[in-house]
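Please work from the sequences and hints to get the whole structure.
Going down the list, the protein sequences come from chains S and V. Just so you know, our numbering puts the end of the first sequence at 391, numbered straight through with nothing missing. Just so you know, our numbering puts the end of the second sequence at 391, numbered straight through with nothing missing.
You may find that some hints are simply not true.
[Stated by the list, open to error] Among chain S residues calculated to face chain V with C-beta under 10 Å, some are:
hint, residue
1, F14
2, G217
3, P237
4, D241
5, T251
[What the hints assert, rightly or not] Stretches of chain S that chain V covers, calculated by requiring three or more beta carbons in the stretch to come under 8 Å of a beta carbon on chain V:
hint, segment
6, 5-12
7, 256-264
8, 277-288
Keep in mind the hints are simulated off the structure, nothing from the lab. All C-beta atoms, glycine included, are put in the ideal place defined by N, C-alpha and C.
Residues per chain, in single letters:
2 protein chains.
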Amino acid sequence: MENFTFWSPTEFVFGRDTESRTGELASRCGAKKVMLLFGGGSAERSGLLPRIRTSLKEQGIDYVDFGGIRPNPTADKVYEGIEVARRENVDFLLAVGGGSVIDTAKAIALGAPTDVDFWKFYNGEAMPQTAMPVGVVLTIPAAGSEGSGNSVITNEKTLQKISVRYPMLLRPKFAVMNPELTMTLPAEQTAYGIVDMLCHIYERYFSNTPATELVDGYSEAIMRDVMDQAMTLRYQPDNYDARADVMWAGTLAHNGICGVGKTEDWASHRLEHEISAIYDVPHGAGLAVIVPAWMKFCAKRNPDKLWKFAINVMAVDPTGHDTEEIISEGISRLEDFYHDLGLTTSMRELVGTEPDIDAMVKSLERNMGKVLGNYVPLSMEDCREIYHMAL
Amino acid sequence: MENFTFWSPTEFVFGRDTESRTGELASRCGAKKVMLLFGGGSAERSGLLPRIRTSLKEQGIDYVDFGGIRPNPTADKVYEGIEVARRENVDFLLAVGGGSVIDTAKAIALGAPTDVDFWKFYNGEAMPQTAMPVGVVLTIPAAGSEGSGNSVITNEKTLQKISVRYPMLLRPKFAVMNPELTMTLPAEQTAYGIVDMLCHIYERYFSNTPATELVDGYSEAIMRDVMDQAMTLRYQPDNYDARADVMWAGTLAHNGICGVGKTEDWASHRLEHEISAIYDVPHGAGLAVIVPAWMKFCAKRNPDKLWKFAINVMAVDPTGHDTEEIISEGISRLEDFYHDLGLTTSMRELVGTEPDIDAMVKSLERNMGKVLGNYVPLSMEDCREIYHMAL
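Below, the structure is given as C-alpha cells:
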C-alpha cells in the first residue's frame, strides 16, 4: 500500500424526503443567497425545485435560479454562471441534479471569486487558491461528484473535455441523497450512471500497486452489488432498496475510498472523453464502448488484476481454465452485462457514423501528452489500437 | 436501507513517516499551544514523542505534556487533564496513542470549555454544546477512535464504563496513521485490537434492517481481510502491508461507513464493558469471551445474519448442512480464530477467578436499563445467560 491522504468532509444526508432539509443544511453553511443550479424542466415539473425553494425560504435564504445546464456541461455555461453569481452576489452554490450540474457549480465556484479565467484551472495554466461553497441535491447517481473533489467541463471552442481534481476546494459541503428522486430516471440514464460508477471503481481497482487486498476486497464487493442491483432495476425501476444501493455505491465509487493507497489508472475515462467531446454522446454510453476494448488490450500485457476481476467480480469459475480463458470470459460477461443494460459496446453503433479516430487521438495527445494510464501505460498508438478494437 | 447521515470530516494522513507532518497539520487547525497526551514511556523511548515535539516546534507551536494515560481510561485522569488544559491555556489536544489516549483527549475536549461536570455528558445528565479540537497520531489500531465521534471512559468511583457518541463534536480533525509505528506492539495487544475492530463491524453487521446488501458486502470483505492479515501478523509482526490493512480496517470499522442505513446492535460491547470495568481486563480480551457466547445465544432466536456470517466471512461451505450446523461451524471457526490469536474464550480463564455475574448484571441494568441490543433484544436475564455461556 502506498502513502495516502483521505479527506471526505461532505455531509451525506441520505434517504426518503431528505430534500426537505436542504434549507437547514444550507443555513448551517452560512448561506444567505443561493444560486440554484439545475438542468432541464423535469426537476421543476416533478415539484422538486419548488420543494427546495420552499425549504430555502423557510430558513430566510434568498436564491436565484440558474437552469438549462446540459449533459457534458460546457465552458460557455460556466462563464454565464460566473457572471450571474457575481451580479447577484450569491454566497452559496446549490446544485440540483447529477454530475453535469454539480460540475458546473464547481467550475463556477472556482471561477467566480477570482479574476483568473476559470478555464486555466482546467487546462493546467493556473492553480486555484479558493472556491465558493457548493451543496448538492443529487438526482442522478453516476458521476460521484456529490462526494468528490473532481469536476469535468467541456470547452466546445477547443473541443477539449478536461477533468480536474481539487479535493481541498471542491468537495461539496453537503449532499442530499434521496433514492426516490431517481426512480423516474429513464432506463438508459440509469444504465449510463451504473456504467460510470463502475468505471470509477475500475480506474482505481486496475492498479499495479502491490498489497492492496483490503481496498480491492471492498471494491469488489461494491462492484458485485451494483451489478446485482442494476439487474433488479431493469425490471423494477421503482425498487427503493436497489435505487438506494446504487446511489450510495455511486458516492463510494468516487469519493476516494476505493482508491486509497493505490496508483490509479484513468485511461478509460480519458479515452472516453474524446468520444463524448466530439460526438456529444453520454459519458456512460462511451465508457461501455471503451472499457471492454481497454480490457482486451491489457489482457496479455498485464493480466493479473483482470484475472482477479473475472473471478471475484464477474464470478468466472477458474477451474480447468487458463488465465487467458478466464480473463476473456470475464470481459465477455461484462459485455453481456452492458448489453443487458440496453447499451452497445460498438463505437460505430454508438456514434452512428464512422468515428474519426485520428481526431480523437490527436485531441488526446494534445490534452494528455504522450502516455495515458498506469495499469498498462498507453502510447498514442496503443490508444489508436484501443479505439479500433472498440469500433 | 434506513435513512442516515454520514459525516466523516477527519483528514487521514496514512503511511510511512507521516508523523513528521503532525506539526503542519496542527498548525493548519490553528493550534498555538498543544496538550500532548500519551500513555506510558514507550512512545518516549521509541523516539516518537521527541519527533512529534520537533515537528510542533518547527511550526512554532508550544506544547505541554500529559502522559500516564492507562488502558480503560478513567474519569480521574480526565478531571486531571481538564485542569491542566485550563491552567496551561491549550487550544488543541493531540492524542499520541490508541483508543485510551484518544478517548481521554475527547473527554477533556468536552469538559475543558464548560463548567458542567464532564461525566454528565457520559451518564446522560447533560448534552455538550461545544468541544475543543482533537488531533491524533495513532499507535494502536483497535478502537477506531481516530475516525469516530465516540469516547469510552470508566468511572472507578461508580464502577461505570460508558461509551458516548457525539459525531458532530468529537470526530478528530486529523489522524496521522503510520503502520510502522504498530510493528513493535506486543502480539497480544495486536490481537486485542483486531478483536475489537472486528467487533465494531459485527455490532453493525448483525442488524435486522432489511435490504443492506451493499453495506453487508463491503463489511464482509473488510472482516475477511482483517482475519487474513491477523494470521500473517502472528508470524510476521513487521509485515508492513498486513499492518497497513489492519490499521485502515480499524478506521473503517468504526467511522460509521459499515453502519450506514442500519439499526446497530452494540450488545456485545455493553456486555463486555461490565467485565473490563470490574476486572480491568483488556477490552479486546473481554470481547473474545463475549462475542461467541452472544452468537450462540442468538443462533436460534435470529439465525439469518449468523448464517450469512458463517458462509461469507468464516467460509463455511453450506452444502449438505442445515442452518444450525452452518451457524455452529461459523462460531466454532471464530473461536478457533481467537485461539489462534492466543486469546481465551473463557471468562473464568480471562479474569482468573469465578466472575461475579450478579454484579455485572446489576451494573448493566443500572447503566443500560432493561433491554440491550437490537439484533436480539436482550433482557437482563438473557444477559445473565450469556455471561454464564461465556464462563
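- request: List, from low to high, the hint numbers that the structure doesn't satisfy.
  value: 3 and 8
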